[in-house]
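Asks: Chain by chain, the residues:
There are 2 protein chains.
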Amino acid sequence: MEQEKTTQTAPYVPETDRLTELVQAHKLRELRETYQDFQEVDIAEWLGTLPQDEALVAFRTLPKEWAAEVFSYLDPDKQEELITGVTDSEMGAIVEELYIDDAVDMLEELPANVVKRILRIASPETRSLINQFLKYPENSAGSVMTAEYTHLKASMTVPEAIEHIRRTGADSETIYTCYVTDQKRYLEGVITVRELLLAKDDQSVGDVMDTNVISVNTLCDREEAAKLLSHYGFLALPVVDEEKRLVGIITVDDALTVIEEETTEDIEKMAAILPSDKSYMRLSVWELWRNRIPWLLLLMISATFTGMILTTFENALAAQVALVAFIPMLMDTGGNSGAQASVTVIRGLSLGEIEFSDILRVIWKELRVAGLCGLCLGAASFAKAMLIDRLILGNAGVTVLVALTVALTMTLTVMTAKAVGCTLPLIAKRLGFDPAVMASPLITTIVDALSLLLYFAVASRLLGL
Amino acid sequence: MEQEKTTQTAPYVPETDRLTELVQAHKLRELRETYQDFQEVDIAEWLGTLPQDEALVAFRTLPKEWAAEVFSYLDPDKQEELITGVTDSEMGAIVEELYIDDAVDMLEELPANVVKRILRIASPETRSLINQFLKYPENSAGSVMTAEYTHLKASMTVPEAIEHIRRTGADSETIYTCYVTDQKRYLEGVITVRELLLAKDDQSVGDVMDTNVISVNTLCDREEAAKLLSHYGFLALPVVDEEKRLVGIITVDDALTVIEEETTEDIEKMAAILPSDKSYMRLSVWELWRNRIPWLLLLMISATFTGMILTTFENALAAQVALVAFIPMLMDTGGNSGAQASVTVIRGLSLGEIEFSDILRVIWKELRVAGLCGLCLGAASFAKAMLIDRLILGNAGVTVLVALTVALTMTLTVMTAKAVGCTLPLIAKRLGFDPAVMASPLITTIVDALSLLLYFAVASRLLGL
Numbered sequence: 001m002e003q004e005k006t007t008q009t010a011p012y013v014p015e016t017d018r019l020t021e022l023v024q025a026h027k028l029r030e031l032r033e034t035y036q037d038f039q040e041v042d043i044a045e046w047l048g049t050l051p052q053d054e055a056l057v058a059f060r061t062l063p064k065e066w067a068a069e070v071f072s073y074l075d076p077d078k079q080e081e082l083i084t085g086v087t088d089s090e091m092g093a094i095v096e097e098l099y100i101d102d103a104v105d106m107l108e109e110l111p112a113n114v115v116k117r118i119l120r121i122a123s124p125e126t127r128s129l130i131n132q133f134l135k136y137p138e139n140s141a142g143s144v145m146t147a148e149y150t151h152l153k154a155s156m157t158v159p160e161a162i163e164h165i166r167r168t169g170a171d172s173e174t175i176y177t178c179y180v181t182d183q184k185r186y187l188e189g190v191i192t193v194r195e196l197l198l199a200k201d202d203q204s205v206g207d208v209m210d211t212n213v214i215s216v217n218t219l220c221d222r223e224e225a226a227k228l229l230s231h232y233g234f235l236a237l238p239v240v241d242e243e244k245r246l247v248g249i250i251t252v253d254d255a256l257t258v259i260e261e262e263t264t265e266d267i268e269k270m271a272a273i274l275p276s277d278k279s280y281m282r283l284s285v286w287e288l289w290r291n292r293i294p295w296l297l298l299l300m301i302s303a304t305f306t307g308m309i310l311t312t313f314e315n316a317l318a319a320q321v322a323l324v325a326f327i328p329m330l331m332d333t334g335g336n337s338g339a340q341a342s343v344t345v346i347r348g349l350s351l352g353e354i355e356f357s358d359i360l361r362v363i364w365k366e367l368r369v370a371g372l373c374g375l376c377l378g379a380a381s382f383a384k385a386m387l388i389d390r391l392i393l394g395n396a397g398v399t400v401l402v403a404l405t406v407a408l409t410m411t412l413t414v415m416t417a418k419a420v421g422c423t424l425p426l427i428a429k430r431l432g433f434d435p436a437v438m439a440s441p442l443i444t445t446i447v448d449a450l451s452l453l454l455y456f457a458v459a460s461r462l463l464g465l
Numbered sequence: 001m002e003q004e005k006t007t008q009t010a011p012y013v014p015e016t017d018r019l020t021e022l023v024q025a026h027k028l029r030e031l032r033e034t035y036q037d038f039q040e041v042d043i044a045e046w047l048g049t050l051p052q053d054e055a056l057v058a059f060r061t062l063p064k065e066w067a068a069e070v071f072s073y074l075d076p077d078k079q080e081e082l083i084t085g086v087t088d089s090e091m092g093a094i095v096e097e098l099y100i101d102d103a104v105d106m107l108e109e110l111p112a113n114v115v116k117r118i119l120r121i122a123s124p125e126t127r128s129l130i131n132q133f134l135k136y137p138e139n140s141a142g143s144v145m146t147a148e149y150t151h152l153k154a155s156m157t158v159p160e161a162i163e164h165i166r167r168t169g170a171d172s173e174t175i176y177t178c179y180v181t182d183q184k185r186y187l188e189g190v191i192t193v194r195e196l197l198l199a200k201d202d203q204s205v206g207d208v209m210d211t212n213v214i215s216v217n218t219l220c221d222r223e224e225a226a227k228l229l230s231h232y233g234f235l236a237l238p239v240v241d242e243e244k245r246l247v248g249i250i251t252v253d254d255a256l257t258v259i260e261e262e263t264t265e266d267i268e269k270m271a272a273i274l275p276s277d278k279s280y281m282r283l284s285v286w287e288l289w290r291n292r293i294p295w296l297l298l299l300m301i302s303a304t305f306t307g308m309i310l311t312t313f314e315n316a317l318a319a320q321v322a323l324v325a326f327i328p329m330l331m332d333t334g335g336n337s338g339a340q341a342s343v344t345v346i347r348g349l350s351l352g353e354i355e356f357s358d359i360l361r362v363i364w365k366e367l368r369v370a371g372l373c374g375l376c377l378g379a380a381s382f383a384k385a386m387l388i389d390r391l392i393l394g395n396a397g398v399t400v401l402v403a404l405t406v407a408l409t410m411t412l413t414v415m416t417a418k419a420v421g422c423t424l425p426l427i428a429k430r431l432g433f434d435p436a437v438m439a440s441p442l443i444t445t446i447v448d449a450l451s452l453l454l455y456f457a458v459a460s461r462l463l464g465l
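In order, the protein sequence lines correspond to chains A and B. The first sequence maps to residues 1 to 465 in the working numbering. The second sequence maps to residues 1 to 465 in the working numbering.
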């Protein structure tokens, strides 16, 4: 049932082997022409696979107008490698061509001496812009916005505005959403190129623009900003400073990247890993270890409680050894049931489908699902104990009463686990903590202890331990 | 350390209470004007909260040009409610205004009699387009594309092309990426409005267009298509049929939705839940139960192996009861370690950061991380056993040899778990199965059994069980 859907037609894969042959044969004129058949991002990926000297040759052969974009797609390591290889004037041209957000991304990853060199090479305007952007806190809207947007005046006629875009648009990251500002850079309205093109020639920008502009503050969380853009299906979202002046825009492709990175962070947290900005292949063994060991240690120590509960009941266990065989099943099923509920709620919170105010509805829903699952699994575990453990495996210790004990504990454990699993993420959210931490590993640890307590409580009633 | 980043400025929240007041006071003229202050998607969300009669009044008060878009954002239940309330001619206007992909999405969720009525109302052209689109398989590129794109001829001059867009663009879902086709609808090139606007008036579309067009087939997986669009930062991706003729486009906002839905599916699978198209709040208790019980049952039965291993060693356990207390800690830490590795690899595969060909590099990296984590946790568990269990809790059965047994088992378990955790998703991918299924619940079940086998193997050597 889990077979992946067949892909009838494989998606486009760039054939960069041709490029490698041309670099190695030093056929640079042909290489330059062949670049035309590729997208910038694919050329960047290909450059990343070349040794330093070949990468430098290949990079210098790029058409001038492509160099900055290809550069912006490179891994920080490769960027650093190329920077040390090119001259100041080549580097200067690239820095001036880069969009500010890409330049800032790059500078944040480079060693201090390289950053110094680049800032020295940059023009005064670029340098001051970069310095301003470097000040926005990590993960803020300001840190992912770009300063290259198109702005218009409300008094322009439609043909004037189109003419203005045609003249100045080359430097903007997107021209499709234009912002209308007054002298003090306050946002007055927003107008899309589509609206401009579909408007009549005698209309003014002020007539056509939408004055109900949705914007975010530079200090707003970048994930919130990206979700807002996605929610409204915008191609760009304006970012304003504390005085409500327009300072930049977030474009849809950057929002996509933000959403992807934040989702990866959520998934990592759900797996008890401290999140990281780098991709797996770029993380060193030490970094991976550092991200993984804290939760492992914490959860390991927490398992002491479960161990203590087991120890407390050791004498009882010695009297009724058959019970031991069912401990893994009860703990695992409890953990899985709780994880299902918690992960569902965490994802719902992240997508905005669930709010804290839904807490009672969520708990009521989960309790009913838990009841169904609990009864079902209780019955199944009774059947399993009697059929598999007693009949097939011949474990004579598994009496009807033992099987009943297991079944009843199973039902109670599943119900408790789902209740805990759906509640904890909501409470975490309410307290201002990240709900993603309340996922399977933590829930499992809690449910393990609870399931054992339930097991012994039920066993002491039914079996008189 | 897990406190969420503070949001200095709350993002925009629409104040729809005003709208509710106006509907309830039946101030429809004022309502109509107030709509201007809101985005279509927010009006749709607000409509979803109204009772049927008020929703119908509010919907009919919408400016005509907004009705279709607001309608497309509604939940299927609300769409059905409104459809039964409006006249055939009102419904006809909406169907004709809807983009084909939205109309098809709607029809797929509606009951048969309502679908019949809508198809009867629709114009013959719309009806035939809808019927064609309904045939594309679920989760294919064809099922998410739209037919309303802008196409140009290579022979047009730049001003002619701009004029053409201004005349015909109102019906296209996006005008920003235009496709150049020949008489037989074969794709010849792609040109953006940006390139058109920045081009010189005496150039032709053929001069400026990019002939290296990246497209997908209608039967390509929708997730692959969305990732391709995201990879290249496109605003739209062309979709072609088996004969390579252009039949539609996928726009960036639809790609964002696809990526979000597919990620949710991955997360659900990782939590042992059968994925579902509906959001949590719209799923009934029975549907939630149906999605969750299969894996719970399967994993519960699989835990029999772990139970069998425990049973086999029951006599040994009775002789050295102190060992029992450490079973939960060993199993949990093993499960968590394996889950970290598997979830990391699953996400890496999903983002395209890891390929099957990286398998040896991944295993080598994971083994080193596993070695570090294993040694660290082994030492910590030795310290914990001696300090917490023996000294503080006064469990005299925990001798140095028992603590050593636990520590050595811990190290071996963590290493085994990480090796299993990183390998299984890669093998699943290779065999054409979805790697996401190889996440914590399944890994935990496997690692539980392995950790017990290791525990008893080590114990029999060190303690001579």
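Be careful, since some hints might not be right.
You can't tell identical chains apart in this list, so a pair holds if it fits in one copy or across any two.
Below 25 Å or equal to it, Euclidean Cα-Cα: the simulated BS3-like pairs (lysine-lysine) are [unchecked claim]: (1) K184 - K135; (2) K78 - K365; (3) K78 - K227; (4) K135 - K278; (5) K64 - K200; (6) K116 - K27; (7) K278 - K365; (8) K78 - K278; (9) K184 - K153; (10) K227 - K278; (11) K365 - K153; (12) K116 - K153; (13) K135 - K153; (14) K184 - K27; (15) K200 - K278; (16) K27 - K227; (17) K135 - K200; (18) K116 - K244; (19) K184 - K365.
If you're looking for bench data, these hints aren't it; they were derived computationally from the structure. Just so it is clear, the structure is predicted and the values come from calculations on it, not from any experiment.
Asks: For each hint given before, does the structure comply? Return the numbers of the non-compliant ones in rising order.
Replies: Result: hints 6, 11, 12, 13, 14, 15, 16, 17, 18, 19 break, sorted rising.
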